[in-house]
Amino acid sequence: MRLRRRLSTWRFRLRSVLRRARVEQELDDEIRDHIERRVAADVARGVAPDQARQAALRAFGGIEQAKEACRDARRVNVIEHTVQDLRFASRHFARAPVVTATMIGIFALGIGFSTALLLFIQSFVSGPVPGISRQESLVRIRGIDRTRPGRALGREFSYPEYREYAAQRALFSAVAAWTSYDMVFDVETGQANPQSGAATYVTGGYFQVLGLRPVLGAGLPIEANDADPAPPLVGVISHALWERHLDRSPDVIGRTMKVNGVIITIAGVAPRRFAGARTGGSQMRVWMPLGTRPLVQRTTSTLSSYDDARFGLAARLQPGVRAEQTRAIVETIAARTAQQMTTGSTGLVASTDVVPMIASNYFPPSSDNAEGSAGRFLSVLFPVLILLITCTNVSALLAGLGVARRREIAVRLALGAGRRRVVRQLVTETVMLAMAAGALGLLVIWLLLRLFEANIPDLSIAIDWRGLAFTFSLALVAGVLFGLSPALHATRLGLLEALKDSAGVVVARRLRLQSALVVAQIAFTQPALLGMGSVLLEMRSDLRELPAQPHADRILEVRFNVNPRYGSLDDHREHTLVRLQERLAAVPGVEGVVRQEIVDSFDVEVHPADTVAGLEPAPPQQVRAIAAPAGYFPLMGISFVRGRDFDAAERSPARGRPAGIPERGERSGIDTGAIVIGSGLARRLWGGADAIGRRLVSVGRNLRGVRTFTIVGVVDDATTDARDHGGRHPELPGSRRDGARIFMPWVHTTGHLLVRTRGAAEHLLPAIRAAAVDEAPELPIVSARTIAAVEASERRSVFAAIYAAGGTGALALLLSAIGLYAVVAFAVGQRVREIGIRTALGAGSRQVVRLFVRRGLSLCLFGLVIGLLLGIAGVRVISAVQGSEPPTGILGLSVLVAVFVIGVALVASWIPARSAARIDPLAALRVE
Amino acid sequence: MSRPSDLVQGTLDLLLLKIVALGPLHGWAIAQRLRQVSGDVLQVSEGSLYPALHKLELEGWLTATWQISDTGRRAKFYALSRAGRRALDRELADWARLSGAIGRVVKLKEL
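These protein sequence lines are chains A and B, in that order. Each residue of the first sequence is one higher than the one before, counting from 1 in this note's numbering. Each residue of the second sequence is one higher than the one before, counting from 1 in this note's numbering.
Keep in mind the hints are simulated off the structure, nothing from the lab. Treat each hint with caution, since some may be false.
As the list claims (entries may be wrong) - Okay, derived cross-link-like pairs now, DSS-like style, lysine-lysine, Cα gap no bigger than 27 Å in a straight line:
#	chain 1	residue 1	chain 2	residue 2
1	B	K109	A	K67
2	B	K18	A	K67
3	B	K55	B	K18
Claimed, not checked - Sample of chain B residues facing chain A (criterion: CB under 8 Å; computed from the structure):
#	residue
4	K18
5	A21
6	P24
7	W28
8	E46
9	Y50
10	P51
11	H54
12	L58
13	G60
14	R73
15	R74
16	A75
17	K76
Here a beta-carbon is modelled for each residue, glycine too, at the ideal position from N, C-alpha and C.
With the hints as extra help, turn the sequences into a complete structure.
The following block contains the structure:
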């Protein structure tokens, strides 16, 4: 029954809207009919006709108002009014196109930029693994090494440990393990065309645990015997590989390809964007059953040893089980496992945790303090600041527009428009503005995200639509709210004040509001600029640690697939590498070949017996040890200023171990005594005194046990290039490469060879490749690049971040400048009459200009002071939390920022002031 | 829009519905009838009458039709609908309760 009534009501309303003319006519007829009858009744009583008519009209109490009341009663006004408002708003904006366009532009920029930045940060921090959708029950089982108190390092699992977790059926319905290697593949399209890629060996059910189905083919067998001596030679290829090398051909299933020379049948194509549960690896990937590993990777490592820890784990929780509930049991397993390790594991404090799987949490957070959260807070703060600045800007501009209309608003109020009606009109305008800006903002977001993805190859932005919608609407709402306040203010004005248009209290209040907004803007810009600046400073100091390697185009870095990460190897491989070295050295055009690997980073201080009299002992220094095998120094062009290179005795292995095999848990190579240091370090530690024969002692807990090192040589810092070729990925800006370089004679086997060539190395690449493949076909080449290319790619990622930081700061500054301009221009507009009088009375144009520039500057200074204080305090707080020094030059940077802002403010004030001075006094006086 | 100060708030609807219940009328006639029956005590101004009528029409309690009236012109006649009849009964009951209560209070003996 109620529904029927509701329906009839709506039909009624619909009719009122659709057949509006007819309905209006009816209303008119009805009222007119009533009036006629009244008049007729009065006339019948003897009143004069025209008097009767007047009386009738008066009795009605205002026909228009009555009609309006009727319309209200019919409640169709919502739609009508909205349409009216929209039309009015568009006319209003059309009349001031420049200001409107500026407002929309600023708004769009602000919304777009802050939303894109927030999205980017969010997907970096908490986005799901690319290709895997977020699922509650999918977790990582992470290994943690707590040997060093206060620092939690990641550790990987051994196969037996994996089996123990997999056995916990009460907690996990399935557990999958994987391990990855570099490999070389060839899709066999006739000619041999080896490509570098990654192979991931997985236990059965890996894809099922991750919740992935291949987009083509059946995938890997679910039940698999990981120790199968004759495993099925099948593999699932990544989507990127399928796209790039197989042209997305639909009939790849059943085709064969070569992985490390072994023929594999393609059994499936992985979903888009999935390249492993751990991010940062190669996109060209093949997943194969774990049983194929010994054959394809030619490794002898077994699945039964607790010492061979190379696996990552993912698991599905049993329904109803939460990650926290598993902690106790997995910790017990971890502790038990640590005891099972046989070699050199004394002191390993192992633990495990279970966390929901996201892209960035393969390793646990490296320290237990609040560093991560401070960084995250900061990175969210910047976009929010930008948004705030944008909103205050738009608000200030709208305020300027709003004041000009206050007369119109006052008149409307006087004519009887309800205040709500007028406010609704203003709200409609602001919302219209916000919608337009929002649409444009979407375009900005799209552009920015494309830019991010293009320049940061390791990051794939997972566009979380919910997050996007949320931030976007938040930005819009903020904009509308900010835009409303000046509008609402305008409705509170009294009619007389508005009509008089005098520079009275009202205007002063409005001006104060606007000025406050601009001060706020400038204040907000300071921390933004300062933050960007400090990021830039940090990066600059990072860049300084990457000086250009002399002859960078003549040294090739050739990496072979020997899987250096886990320290396992065989004699055979070591022998092969030596052979390779000799063979490559024999290629015409090659001057020398050497192996290199960064060894470790730790702290040292001067041995107490070796301090220099009269010199204050230097504090403990952080150093990075680089292996310098035979021939290293000449090959790299490093010259000695004191002492000598290492001799054969120092390079030969200690303790009877064959060169190249580190003990499990031992940091490789640190037990040797002889080192070579750079001249800068020598000077820092001993001044001008001879460093040869002096000793350094390790401090702290980086190494197990205390080591003593004796200096046998000092090299010229200008020639050391401080490059580490240890296979580090270009890390995100902000991470420090700390420590002075010291060189050690011992080398831990890696697959990195440095080849020095006579001419440009590029030309020799094919010959070197051919020689390597010929000599050691079982050690595929992972990459072969000149040092110049390596440095260039590292620089590129740093520069990308610099541009992002700089762009944000520039945007903030631009927005503040516009805001300041708007305020000063508005002030000029208000005082036009006053200017006219002054000019007529003889004030020079310069005086007028000075008047307004002074106003603008004072605003700017006010904001500057607040902003600088905020900014410096912020930097201090962050440094305190992070435990690091604020970057050098922060004070200088603050001054620079201040000067810059003042300069911008000057220009922003001067332009409108100048136009004020040009006002013709007569025209000015005529302005009402 | 002026509020009906000469009527207890909310009873205007009741009065209008009751009058129309006696037979379809146009706006002017409704106002006249109300005045006559109440002996000139209850007078509703035009500024309140028509909005109220339109509201009742919106609620679906009155149905409106255009017919030729006694003067030969077309006029909008309001009639009580079935839902309106039910609403009228509800309003009557409410009014009885209210007036009874007021009466009881007012009849209290003063000391």
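Here's how the hints hold up against the structure:
1. In summary, the hint linking K109 of chain B to K67 of chain A is not supported, as the alpha carbons are separated by about 49 Å, beyond the 27 Å threshold.
2. Annotation: proposed proximity of K18 of chain B to K67 of chain A holds, straight-line Cα distance about 24 Å (limit 27 Å).
3. Simply put, K55 of chain B and K18 of chain B have alpha-carbon atoms about 16 Å apart, close enough for the 27 Å limit, and the pair holds.
4. Here the hint on K18 of chain B is broken, as its CB sits about 20 Å from the closest CB of chain A, past 8 Å.
5. For the restraint placing A21 of chain B at the interface with chain A, the shortest Cβ-Cβ distance is roughly 18 Å, beyond the 8 Å limit, so the hint is violated.
6. The beta carbon of P24 of chain B is not positioned within 8 Å of any beta carbon in chain A (closest approach about 14 Å), and the interface hint is therefore violated.
7. Hint status for W28 of chain B relative to chain A: holds, with the closest Cβ pair at about 4 Å, below 8 Å.
8. Evaluation of the E46 of chain B hint against chain A yields a held restraint, the C-beta minimum of about 5 Å falling below 8 Å.
9. For the restraint placing Y50 of chain B at the interface with chain A, the shortest Cβ-Cβ distance is roughly 5 Å, inside the 8 Å limit, so the hint holds.
10. With its C-beta approaching chain A no nearer than about 4 Å, P51 of chain B sits inside the 8 Å limit, and its interface hint holds.
11. A distance limit of 8 Å between C-beta atoms decides the matter here; for H54 of chain B the minimum to chain A is near 4 Å, and the interface restraint holds.
12. Hint status for L58 of chain B: holds, given a least beta-carbon distance of 6 Å to chain A, under 8 Å.
13. Because the beta carbon of G60 of chain B sits about 5 Å from the nearest beta carbon in chain A, less than 8 Å, this interface hint is met.
14. Taken as an interface hint, R73 of chain B checks out: its beta carbon lies about 6 Å from the nearest beta carbon of chain A, inside 8 Å.
15. With a least beta-carbon distance of about 7 Å to chain A, the hint placing R74 of chain B at the interface is held under the 8 Å criterion.
16. Because the closest C-beta pair between A75 of chain B and chain A is about 5 Å apart, less than 8 Å, the hint holds.
17. The interface hint given for K76 of chain B holds, since its Cβ lies 5 Å from the closest Cβ of chain A, which is under the 8 Å cut-off.
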